[in-house]
Amino acid sequence: GDSVTQMEGPVTLSEEAFLTINCTYTATGYPSLFWYVQYPGEGLQLLLKATKADDKGSNKGFEATYRKETTSFHLEKGSVQVSDSAVYFCALRGAGGGADGLTFGKGTHLIIQP
Amino acid sequence: DAGVIQSPRHEVTEMGQEVTLRCKPISGHNSLFWYRQTMMRGLELLIYFNNNVPIDDSGMPEDRFSAKMPNASFSTLKIQPSEPRDSAVYFCASRPTGMRAFFGQGTRLTVV
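In order, the protein sequences belong to chains A and B.
For the first sequence, this note's numbering gives the first residue as 2, with consecutive numbering after it.
For the second sequence, this note's numbering gives the first residue as 5, with consecutive numbering after it.
It is possible that part of the hints are untrue.
Simulated restraints on C-beta separations [said to hold, decoys possible]: (1) G62(A) / P85(B): 46 to 52 Å; (2) T52(A) / R13(B): 28 to 34 Å; (3) G42(A) / S62(B): 29 to 35 Å; (4) E16(A) / K82(B): 40 to 46 Å; (5) M44(B) / E43(A): 17 to 23 Å.
Since the hints were derived computationally from the structure, they do not count as laboratory data.
Glycine residues also receive a C-beta, built at the ideal position from the N, C-alpha and C atoms.
My request is simple: use the sequences and hints to build the entire structure.
Right under this line is the structure:
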C-alpha cells in the first residue's frame, strides 16, 4: 500500500538557518504530494502541494519539488524564523483509486531558536 | 465560511465511558474524513464518507469505534467503551470532489 517516510525529529535550528526536511514515498502511479503544517494548539493547514512530476510547490518561503525518479518531496526553506516552529507532515493522495484520504508521514517537529 | 468545526476541543473521560466526537464539514464538501493522531503512529485515516455514505472504514481500529454521517452537515465518531490507549487527537476533514482537504482544529481526547 501507499506509505510516506519522513525524517524524525525534533529538528532544532537557529533562526535564519537553511532547512531541509526529507520525505520519500511509496505509491503506485502518480500520486499528488502535500506538505501540511501544524502550529502549536492548532489543526493541520496545507502548506504546499505538487500534483505531477517535476512540479514545485511553494508557499511562505517553503519549497518542495516532486521528484518521481527518487520518489521524494523534500521540504526546504532558505532562512527559517522562530514563527516556523511547528510540526510538518508530508502526505500523498494516491492516483489509483482505493481509499480517498491522504496517507501521512509521522510528522517532523521543527524547533527554531532565536 | 467558518471552516470544519469540531467539538468538543478537549475531552477527558474515564475508562469505560462512551465518547462522542462531532464534526460539521464545510458546506458543499461531499467527502468527510476522520483521522487519529498519536505520537507513536502519527496520523491515521480511520474512515471516510462520500455523499454521507461510508466508503472505507478499514482504518477503524476496533468494533468499539463507530462513525455516522446522518446528513451532509454532520458526522460523529463514537468510542464505546473508551480505553486509555484511545487517547489521541482526532481530526475531521472535508473536501469537495477533486480538491484538497480542509482540516478541523481537532479534538484532544484523554481517557484516564
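Each hint, compared with the structure:
Between G62(A) and P85(B) the beta carbon distance is about 47 Å. The supplied range of 46 to 52 Å therefore holds. Between T52(A) and R13(B) the C-beta distance comes to about 33 Å, which sits within the given range of 28 to 34 Å. In this structure the supplied range 29 to 35 Å holds for G42(A) paired with S62(B), their Cβ-Cβ distance being about 31 Å. Separation of E16(A) from K82(B) is about 45 Å and conforms to the stated range, judged on CB atoms against 40 to 46 Å.
The supplied range of 17 to 23 Å is met by M44(B) and E43(A), whose beta-carbon atoms lie about 21 Å from each other.
Checked against the numbered hints above, the structure breaks none of them.
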